[in-house]
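**Q** Each chain, written out:
4 protein chains.
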Amino acid sequence: MPKKIRLGILGGGGDSLIGVLHRVASHINDNYQITGAVFNPDFKENMDFAKEIDVPTDRIYVDFDTFIEEEMKLPKEERIQVCSVLTPNFLHFPMAKKLLDNGFHVICEKPMTTTYDEAKILQDAHQKAGTVFAVTHTYTGYPMVRQMREMIKDGALGKIHKVDARYYQGWINEIIHDQEKRSTVWRLDPAKAGISSCIGDIGVHAFNLIEYTTGLQIKSILCDFNYLYEDNKMDVDGTTLIRMSEHVKGVIRASQVATGEENGLAIAIYGEKGSFRWEQERPNFLYKMSDTEPTQVYKPGHAYNSKLSLDGTKLPAGHPEGIFDSMANIYLGVARAIRGEDYNDGEFPTIVDGVRGLNFIESTVASHKSGNTWIDLD
Amino acid sequence: MPKKIRLGILGGGGDSLIGVLHRVASHINDNYQITGAVFNPDFKENMDFAKEIDVPTDRIYVDFDTFIEEEMKLPKEERIQVCSVLTPNFLHFPMAKKLLDNGFHVICEKPMTTTYDEAKILQDAHQKAGTVFAVTHTYTGYPMVRQMREMIKDGALGKIHKVDARYYQGWINEIIHDQEKRSTVWRLDPAKAGISSCIGDIGVHAFNLIEYTTGLQIKSILCDFNYLYEDNKMDVDGTTLIRMSEHVKGVIRASQVATGEENGLAIAIYGEKGSFRWEQERPNFLYKMSDTEPTQVYKPGHAYNSKLSLDGTKLPAGHPEGIFDSMANIYLGVARAIRGEDYNDGEFPTIVDGVRGLNFIESTVASHKSGNTWIDLD
Amino acid sequence: MPKKIRLGILGGGGDSLIGVLHRVASHINDNYQITGAVFNPDFKENMDFAKEIDVPTDRIYVDFDTFIEEEMKLPKEERIQVCSVLTPNFLHFPMAKKLLDNGFHVICEKPMTTTYDEAKILQDAHQKAGTVFAVTHTYTGYPMVRQMREMIKDGALGKIHKVDARYYQGWINEIIHDQEKRSTVWRLDPAKAGISSCIGDIGVHAFNLIEYTTGLQIKSILCDFNYLYEDNKMDVDGTTLIRMSEHVKGVIRASQVATGEENGLAIAIYGEKGSFRWEQERPNFLYKMSDTEPTQVYKPGHAYNSKLSLDGTKLPAGHPEGIFDSMANIYLGVARAIRGEDYNDGEFPTIVDGVRGLNFIESTVASHKSGNTWIDLD
Amino acid sequence: MPKKIRLGILGGGGDSLIGVLHRVASHINDNYQITGAVFNPDFKENMDFAKEIDVPTDRIYVDFDTFIEEEMKLPKEERIQVCSVLTPNFLHFPMAKKLLDNGFHVICEKPMTTTYDEAKILQDAHQKAGTVFAVTHTYTGYPMVRQMREMIKDGALGKIHKVDARYYQGWINEIIHDQEKRSTVWRLDPAKAGISSCIGDIGVHAFNLIEYTTGLQIKSILCDFNYLYEDNKMDVDGTTLIRMSEHVKGVIRASQVATGEENGLAIAIYGEKGSFRWEQERPNFLYKMSDTEPTQVYKPGHAYNSKLSLDGTKLPAGHPEGIFDSMANIYLGVARAIRGEDYNDGEFPTIVDGVRGLNFIESTVASHKSGNTWIDLD
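Chains as they are written, first to last, in our numbering: chain B, 1 to 378; chain L, 1 to 378; chain Y, 1 to 378; chain U, 1 to 378.
Read the hints as simulated data drawn from the structure, not as lab findings. There may be inaccurate statements among the hints.
Which copy is meant is left open, so a pair is good if it fits within one copy or across any two.
[To be verified] Computed list of lysine-lysine pairs in DSSO-like fashion (alpha-carbon distance at most 30 Å, straight line): (1) Lys76 with Lys219; (2) Lys3 with Lys76; (3) Lys273 with Lys192; (4) Lys76 with Lys4; (5) Lys192 with Lys76.
Given these sequences and hints, build the entire structure.
**A** What follows is the structure, given as structure tokens:
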């Protein structure tokens, strides 16, 4: 009997959107029970929120260290099994590290750490711990993204020779064009937000989506940022030329000043025999193109889809599932891994994805600062 | 503190899709706890399923009558508060009736009953009970459907003069074209499935969507069914001319043999000053048209939306929410009503919608059988 | 050598949009030379227009009777061969009749005549004349419309069981909602405009599109008009139930008050094995659907298209051709017929389409006026 | 009276697609008469083609030099006024040069010349000649492209800070992946096709579209080509980072190996106050976006459009016009210029666009070959 997995939550309290996303996703397939949490650094708010969402308050802790200390005192069959790390970015590393060191499974928001060095340390810790570690590149949970991955693996496109991914948003416009706001907001302060805004926040999703779907590794990159204003030192827009090899190339376009764009993640993958186009805002439509045949529109829930894709669909074709369902698919994969059940490669992004993401982010910054030269990824 | 509402589930066990839909929806906003159930007429399967989804087995009952009997013995503060009726259609009426008579709130799948007479009896029972009663016309929970309703109420279209709604599916093709299958399947056996297949199952959603969004009542209808085969006696396709008044008219098109259509519910509403177009399979795009201005594309999560619409969106614009989220919005409205909180008309379909639905279904059958004459709705 | 065909034009002078459409279409494939005309009843305007568009003025005639008289005096190898009739509707019949009686080929705008009786007389005259007669149901010239026809003929959809066609426009709103305007405009005056506005002007195109693409004949219809106002006596909106046989049915929806719709002709054809969807405003995208396979998007210019479709495309795939090109394809077919070259059934709508159109228009009026009863077409 | 302009054609005979495009476009607005030509280097084919399309054969010349010689003997009022140069690329320069030197107006296919040096020489010649010179960047004739230009000029987007243009085709796949074909085809032989395939043929259109719509000049570029195979020396794919200034940046993506793409020219322009998105394959839909308002869909033919846009639409909204109509709009502008009538800046691309195009093409090659460094445009 698949008794529910005991889930701890770090961060994500109050109005936190990422908190809603993870909480709902954890419920969707009846696999998790929120058993303990530090939703909020303020203990009163922490407790109030627990009451509001009806989580028992006896395992709401005053802070993360107490969380670890108290949970470790519990017998293993009562202890929280997996912890979702939803705190501000700079806390991901120390929390995930300590969780791994104490034998917890971890679901970590992205970016996994704030530096590539931290990421590599975490990878070592994970290797020692041997627990399950997932990074929530949420978009990999969409059935049609999984379908691309599986069909490409099966050779549907032949040799891939070009990839074009985009992640365009416009929400930072209202900040960046206001001198007062742009000089005070934490997101544009490198001391608080890390070395990158646009690539670190969204560009890295596009990077991951390419590697997830194509199975190819990006070998080197050349990047040009746009800061928009002399007094702004964080990238709010960046275009990155990418090379998988001398004759397999592409581009990653990312922007937070793409006015009117909402959450415009999209990918196009071109191979010798065919190609795919997919957009996050219409996640249930996957276009398979060829030079000689009519374009085919794949949709979730049909028997023609791969097992990995069908596994991520709960209702028959034509009943739109969305981003909560996509995240829920990742939680489902993690649940299977925790339980030691069979699961497929591709059911959730791993620490390797996290490490590569940080490698990519730092490389774009290095490329831009060097006058737009090519930087090799590890 | 909004302590979770105690929810009972009748039906929806095992692989039931409607079971998944309700269960997930009940979880999404942290308002409900599944406290008891009769998931399945077979007690062993019932118990197994409860264990599988981790519902405590002490309130899994052997049958519905026991459910009522045992729950009524519990003190009110422990007793199940609201019950979701997900059983086969012919059981909706007796179960909902008994639930109301015993003071439970009810969330009832659609069609609410199998006959218009039953529906009216239920309405009386509801009036006596004074509890909350919702019929799950799931599509009314979509933010953009709510946006239509609110903008129309505010006069955005002026006087409405034409409505065109469609619900096209193709799934019955594989049954209807096979003589063996079509003569044996329960869905096409009037004795088991009630008087209507296409209108009863999906046409009624289109009917409800019109009345929900426009605020207008359909006064009379003329309907033509297509049975496709001489030996089939259930409508698998039907077109219904509708009249709200002598000069406000429209059409409802429904089909289960619209080959290749998945779940094609759509509506177009034309008024003196403007119009709306919306499709269920792209639920987050609402088109507002006019004769003289560029078409406007409304999307969820933007500040320009109405309160009722925004209330049904959890994440920022561009993060697609889907049908589970739509149903969750209905559950949220019901939770507010049960708790006696403020809620808006339109947060969930009521017993009145259920009654009108049955009135509509029976009228289409009467119209078709009379040689396609006009039938007045009550 | 395909020496250009000598084309006469009746009507279509000045700012006439239909004049532009025919003139451009006649030029596109280098087949026609405008040799003579009565563009306008006012002779000065007639001559001025001829000079403006550089048509030699020596064969610009004072009126239609003179046109016939003078042209008949010319030797056959100089005489105008084919005449495009673009005059107000009530003139189509007498002009087309006289042209046929004098041995001219005719390209006639639609509706071919103002009554079904006239249409039948014209059909007799045509039979005697033995010349080429085309009715300009322009939309049949689109490559993707032709592709539907050919694939259906080849059995791609199996047995068709349902058809749904729509022609929605909104332009009459600005007239109909203004009491002054609606009582004075000629289009809503039955004495001037004939018995039908909405069906006669646009509904008949949808009717023709169904018969053209499916190869099926509509046997009987039941229609409900909407006049919108008590003092208006012309249909500005009408929904028509159609039957091809007892088990093959459909609907034609037409409106001139579908606010915000521009020129919304569309068709969906459902068969046992597959279905088609096509919209006039995106004419180069044809969707072929099935219950079990991904939807396929056909586009013009690809080798996978039929000969009839490819014949109507001048440039490679991805170079959008539009409505002028569609009409040009009809002119091309007529040119081939006039020259006695091989051409395919389907290259242009014939007098039979014109006759059936009038039969349909009169039947919808009869059905509505009889209280929405079924009327058989001949 | 606008007597038709005497048009000469160089090249474009037989099955030439570019020949069809120009010939039809010249007819569409009744402004041009094809008066003379050298359609083909083979005189017999030249004459046969003239007869086939019914051009008088007395001014079909044996070669270009004879064309000039004989036409110059004619009195000015009979002489060809404007000449369309549709020959292979390497002939554009010498022909255009001689035409200008002899006082002809010129409509020149693109690329205007094969080198930037030639382009500058031609510009000098044009300055001396003082005649009309148009380069056929066909896409600038689309009404919605013109609408972008006019609205941007009027400040609809505020300060532009990002531009993203794409031109993706897939047709070269069938050549490039076949070693035999790719080593023999003239298009991939630098000696015959010039220095660039992908940028020269299509990338330059995207470049022009950016400058045409935004009114901004691209100041410097960094480009990376993909040759796909070691033994191929022509770019079949290239991504170009562009800078209009330090804080106004963008990207041009061009490919001939984007499998399944047909003629995928598209542009997105992001400004402080709003943005535009437009795609060539759906030319009649222009999306204006903002961070706070619903997206607006502009379509041709509506009164809300600019004069320049409306001037390029012949029929009411909803009647799709296509690429022939777009080219016809350019021919219309040229006709007005030749006649000395008023016309707007933007009605046709000028020699300046041609010169800048060559500057761009050569710069991308220089950038790629230098190891992807920034190159300034003049």
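**Q** Decide, hint by hint, whether the structure agrees.
**A** Structure-based check of each hint:
1. Taking CA atoms no more than 30 Å apart as the test, Lys76 paired with Lys219 passes in neither setting, with 43 Å inside one copy and 65 Å between copies.
2. With identical chains, the CA atoms of Lys3 and Lys76 are at most 30 Å apart both within one copy (14 Å) and between copies (29 Å).
3. Within a single copy, Lys273 and Lys192 get their C-alpha atoms only as close as 46 Å, which misses the 30 Å cut-off; across copies the closest is 29 Å, which meets it.
4. Taking the shortest Cα distances, Lys76 and Lys4 sit within 30 Å of each other both inside one copy (15 Å) and across copies (28 Å).
5. In this assembly of identical chains, Lys192 and Lys76 lie within 30 Å of each other by CA distance neither inside one copy nor across copies; the values are 37 Å within and 52 Å between.
Checked against the numbered hints listed earlier, the structure breaks hints 1, 5; every other hint is satisfied.
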